[in-house]
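Asker: Residues per chain are reported as follows:
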Amino acid sequence: MEKPRTRFEYPEDLLNHLGIESPDEIDVEAIAYYCGAKVDFAKLTTCAARIVGIGDRSIITVNSQDKPDRQRFSIGHELGHWMHDRGTIGLSCTTATLRQDWNGDNTEARANRFSAGLLMPKSMFQNRIGIKSLDFRIVDKLHLEFGTSMTATAIRAVELTETAAMLVFNGKRTRQWCKRSARVPFDLSPLWDLHQEAFAFDILFGAVPSMYQARKITADRWLKHPSAHMFEIREHTIKVPEGVLSLLSWDDTRLIEALYR
Amino acid sequence: MKMPTEKEKLDRIHNALIQAIDEMSPEELRQHFADDGEDPDEVVEQHRKLISSAIAKSRRTALSDARAALDNDRRTAEIVKLPSTPEARLAELQRLLNDPSTPRTLAARAGTGEQMTDAEVSSLIANLLELGVGKAAD
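One line per chain: the protein sequences are A and B, in this order.
Sequential numbering from 1 applies to the first sequence in my numbering.
Sequential numbering from 262 applies to the second sequence in my numbering.
Honestly, I wouldn't trust all of these hints.
[As the list claims (entries may be wrong)] Mimicking BS3-like on lysine-lysine, the simulated pairs with C-alpha atoms at most 25 Å apart in a straight line are:
hint	chain 1	residue 1	chain 2	residue 2
1	A	Lys-179	A	Lys-67
2	A	Lys-43	B	Lys-342
3	B	Lys-318	A	Lys-38
4	A	Lys-132	A	Lys-122
5	A	Lys-122	B	Lys-318
6	A	Lys-141	A	Lys-239
7	A	Lys-216	A	Lys-141
8	A	Lys-67	A	Lys-38
9	A	Lys-67	A	Lys-132
10	A	Lys-172	A	Lys-216
11	A	Lys-141	A	Lys-67
12	A	Lys-38	B	Lys-342
Just so you know, the hints here were simulated from the structure itself, not pulled from any lab data.
Next up, chain B with everything else stripped away, as it sits in the complex:
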């Protein structure tokens, strides 16, 4: 039989402790703190603050993670190879707008795309390709 490592032993103690606390009723817990000479209300308040602060920290981490992921996404985004002339870009946009996966509301609003500037056409092509609508024609 394989002997448990020191970390595994510690984990077992940790789990047993959690289980023991988990099995105690709120009254037993309060009594336990009172027996140790502590004010149970104060202990409850301290733990409440600790948990709130841990939750807030974890939530803020989610936002800073999103910022880091966005920065990384922008840095590593694939450069879209666009057709070389405005006419070809307009044709490419039409092809993408006719793709069944393109949102119909977008296709309806964009129309033929002719009222858009070339910069708008290019950015819309890039958006659609990034969302996996199709691949740019060479």
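Isolated chain A (complex conformation):
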């Protein structure tokens, strides 16, 4: 008898193969097991997740101390490695690799993309984002529905939204990374150092809590552009481990349109 197909380059093909049509059906441990990867939990300190595989079988171990949404992403990430490097595999992935950009051309970025596509498939995710300017209230709903971390959900939302949005992660020292939606040109970059009048500044360095909703702010508090002082954007910042995550969005897209002229 022919063996069922258990190797998929694209996560949406895997979900389709298993007849999964809604976020609550994405049982990532069962999906991994179907693909020959058993999920185990252990207290890990030198890495966030590990995969050991020989032949058609592997064991994915995730850190039992991590939050469930982080564990789900780690499982999806290791499953991404398993799809591409089946046979003999032995990898341990750190929290830093699980947080790195998904767009890179390396095995870790590829595994992150696989995990994002598996847990937040475009076909289910995009129509839930809606057409309104993106903020963390929308992201929060999606994070609860898809069982993914706020950071991963926000990255995916910015990746798939049709509106203009930018996600910026600032650590105590400087900006760590940013992600633009397709509507935001590459030329438009956030400042390297957090402006003292950005709402994020007091959240990162003071005792101010995460913002409940997005607020308008002059664009030059965030963006490097000669005309930025003439426009307003919306900022919604929340605290995350090791820094602050700011979601910038535009009601008035003239600043963006000016860049194309």
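Following the hints, position chain B against chain A.
Answerer: Same frame as chain A, now just chain B:
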């Protein structure tokens, strides 16, 4: 000669029916439904839905079967007997990492295993043994 059972008779009728339908061309099938007073397009659509739903059901069954198998695997997994001291566990890990069937990438990353906590060493030993790399030393 042995007489066929009732079930065997039914199976034969069933197979003959399938064969008869299989041998008909799409045009003949449509004509057959039209002769019976049915709308052939509607019948085709009904059958398409039926088949899609059966495929979706079978796929979902594969996922729920995987969940049940995973739960059972965890329930019935053999308890690994680990060496009694941290030093002995580290030595056991070294033995397994040096086994030729251990993935080289893992052996390279794990190094001597000394940077790992004892819990990590134990779980890695358990993983390798479960994958058939070797047997725990007493």
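Asker: Holds or violated: Lys-122 of chain A and Lys-318 of chain B, Cα atoms, limit 25 Å.
Answerer: holds, 22 Å
Asker: Quick one, are Lys-67 of chain A and Lys-38 of chain A close enough, alpha carbons at most 25 Å?
Answerer: holds, 19 Å
Asker: Holds or violated: Lys-38 of chain A and Lys-342 of chain B, Cα atoms, limit 25 Å.
Answerer: Holds, because 20 Å separates the two Cα atoms, which is no more than 25 Å.
Asker: Can you confirm whether the C-alpha distance between Lys-43 of chain A and Lys-342 of chain B stays at or below 25 Å?
Answerer: holds, 18 Å
Asker: Next pair to validate is Lys-141 of chain A with Lys-239 of chain A; report whether the Cα-Cα distance is within 25 Å.
Answerer: holds, 17 Å
Asker: Decide if the proposed pair is consistent with the structure: Lys-318 of chain B and Lys-38 of chain A, CA atoms, cutoff 25 Å inclusive.
Answerer: holds, 24 Å
Asker: Lys-172 of chain A and Lys-216 of chain A: Cα distance at most 25 Å?
Answerer: Judged against 25 Å, a Cα distance of about 23 Å means the pair holds.
Asker: Next pair to validate is Lys-132 of chain A with Lys-122 of chain A; report whether the Cα-Cα distance is within 25 Å.
Answerer: OK: Lys-132 of chain A and Lys-122 of chain A at ~18 Å, within 25 Å.
Asker: Check the hint pairing Lys-179 of chain A with Lys-67 of chain A against an upper bound of 25 Å on the C-alpha distance.
Answerer: holds, 24 Å
Asker: Given the hinted pair Lys-141 of chain A and Lys-67 of chain A, is their alpha-carbon gap at most 25 Å?
Answerer: holds, 17 Å
Asker: Are the Cα atoms of Lys-216 of chain A and Lys-141 of chain A separated by 25 Å or less?
Answerer: Measuring from Cα to Cα gives roughly 22 Å; hence the hint holds.
Asker: Given the proposed pairing of Lys-67 of chain A with Lys-132 of chain A, does the C-alpha separation stay at or below 25 Å?
Answerer: With Cα atoms ~30 Å apart, Lys-67 of chain A and Lys-132 of chain A exceed 25 Å; violated.
The structure fails to meet hint 9 from the earlier list, while all remaining hints are met.
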